[in-house]
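Its first residue numbered 292, the sequence shown is counted upward by one per residue in our numbering.
Any given hint could turn out to be false.
Said to hold, decoys possible - Straight-line C-alpha distance at most 20 Å; calculated PhoX-like pairs for lysine-lysine:
id, residue 1, residue 2
1, K739, K761
2, K485, K467
3, K739, K718
4, K786, K735
5, K718, K485
6, K776, K761
7, K782, K735
8, K761, K718
9, K485, K552
10, K761, K782
11, K718, K735
Source of the hints: derived by calculation from the structure; they are not laboratory data.
All figures in this text were calculated on a predicted structure; none of them were measured in a lab.
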Amino acid sequence: MNDISSNHRTAHLLNIILLLILAGLGFINAVLIMLHDFNSDKLALTALYNAIIVERLGFNGWNFSAAPQFFPDIPLFFITKSLSSNIFFSNALYVLLLLAFIVFLCIKLFNMLTVPRLESYEYGCIAILALSSLLSFPNNQVVERLWPNFHGGEIVLGFASLVLSAHIITRRVYTKVTFILQLILSILLIASDKLIISQFFIPIMASLFITTIIGLVSWRVVIMTFTCYGIGSLISELILRDMVVYQHLNISGIGIRLFSKDVLFKFISDIRLFDFKLEFVSVTLCFILSIASLINYRKYLRVTSIDQSSDSESISVGIFLAIFTMSQIIFTISAPIIMGTWKDLGSLRYFSSLWIISPILFIWLMFFNFSDNRNIIKIKNTAIVILMSLILYNNLSYLLVNKLAFHVPYPSVVECIDIVAMENSIKFAYSDYRLANYITYLSKSSLKVNQWDANIEEFHWLNHNEWYNKAPLPHGKEPVMIIIKDLNSDKIIEKYGIPAIIRNCADIGQIYIYH
């Protein structure tokens, strides 16, 4: 027994070391790539941090989106950003902390699913390693979803809610502590993104309901979980009532038509979907394997009593997670389509929970059917080692070839705008949403860019109201710059007249300057 425990500890230590190497390379590659692909979405929390902490403008004046992503994004990012002004290190640390929490949750989950024998424990460690391998592909969409303000934070908390539900099933007791934890998680999650309801809460409830019907879970668990989610939804609604700009929903067939056009018909040929094909494949395989696991484990329901089985808790959790996997895929994909929030390929962000959770559940499903055949064990272990070696080579070669610098970039477009601003003593500018935070943060001339919509009116989205109060309009006392790009130049001239100076910058086009 001591030998087995010693082997457990050794295997655990070696696997954790390899996991840190692979996951570390993965998140470094992802962050480096994203550093050179800035946009206003990726800089939203940086802008919020500057408004609240640096400029001390106050929290109430900030304009949140429909998914404010309060937890853990804002508090966690504020901590990492306060530790370093360099956006690489602050964002890299944020991603690393989320990955560490995912690893912790995976260890908890796999411990629930394995029976107490050496092969099963090794499978649990190998499964975690395989997960880190999936996360380590360069430019992987899984890691990109963990970037601050990209829905990854609340999805990791959603995963925590799932693991807590699995824990309740293994204990077969719904204590006051678990109720409070589930309630807190539900409040934080719904306050951060209501899409979590279709991505996690409904699938969890569906899984609990079905496993209760077949006699694996008590009705008390279902009732208490439903109560948690109900109270959490009510409290979250009160919190968000006056803080969030809600997106208008269009419940019609338009979402189905757009999704079919964007994804189903373009999946093979459209290069913009290239980076998502691995994720779509993993989701499809995950769905198939969950069905296969349920079919394979039906013999336990027919032949033996679950309550008397030595690994009854593992089987109960296994069936629960297999049903959850299918439910999550169905509800996550169908919700934005049916509700009309699917607009274009950018709406793939609504599937972020699948990109992050499906690889985890896919690996678990691969190792759910434990085998005592040592030849099969050797084949699986060898396959995993080969996979890890290839990905390790992939990551190292990518870093060596690209030699990306660990510093905030200074794109030529921003440099051109800075030159124009400094030549004309300009401190304030106007542009569309996509460029506003991007230029403001990367500018070295302290240029502040506010947002305008298509009608050349103030656009309040992920910015602070006070910024507009401080900024002069064209023909005021101070010179102002208007970066045309996606704005309507005719409407600008109609409203403010002919500009005093017109300049051009590559990739952006004309810049109007008003004195």
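Self-check item: Pairwise hint evaluation, K718 against K739, where the allowed Cα distance is 20 Å at most
Solution: Judged against 20 Å, a Cα distance of about 6 Å means the pair holds.
Quiz item: Taking only the CA atoms, is the gap from K761 to K718 under or equal to 20 Å?
Solution: 11 Å, holds
Quiz item: Taking only the CA atoms, is the gap from K761 to K782 under or equal to 20 Å?
Solution: Measuring from Cα to Cα gives roughly 23 Å; hence the hint is violated.
Self-check item: Distance restraint between K718 and K485, which requires alpha-carbon spacing of 20 Å or less
Solution: 38 Å, violated
Quiz prompt | Pair hint outcome, K786 versus K735 [Cα-Cα no greater than 20 Å] | solution = Violated - the C-alpha atoms of K735 and K786 are around 30 Å apart, more than 20 Å.
Practice problem: Compare the distance between the alpha carbons of K776 and K761 with 20 Å, and conclude whether the hinted pair is satisfied. | Solution: Given that 20 Å is the threshold and the Cα spacing comes to 23 Å, the pair is violated.
Quiz item: Straight-line Cα separation of K485 and K467 no greater than 20 Å?
Solution: Given that 20 Å is the threshold and the Cα spacing comes to 25 Å, the pair is violated.
Exercise. Mind checking the alpha carbons of K782 and K735 for me, to see if they're no more than 20 Å apart?
Key: 30 Å, violated
Quiz item: For the pair supplied as a hint, K718 and K735, is the alpha-carbon distance within the 20 Å limit?
Solution: OK: K718 and K735 at ~11 Å, within 20 Å.
Exercise. Could you grab the alpha-carbon distance between K739 and K761 and see if it respects the 20 Å cut-off?
Key: Answer holds: K739 to K761 is near 10 Å, not above 20 Å.
Quiz item: Straight-line Cα separation of K485 and K552 no greater than 20 Å?
Solution: 26 Å, violated
Hint violations for this structure: numbers 2, 4, 5, 6, 7, 9, 10, all remaining hints satisfied.
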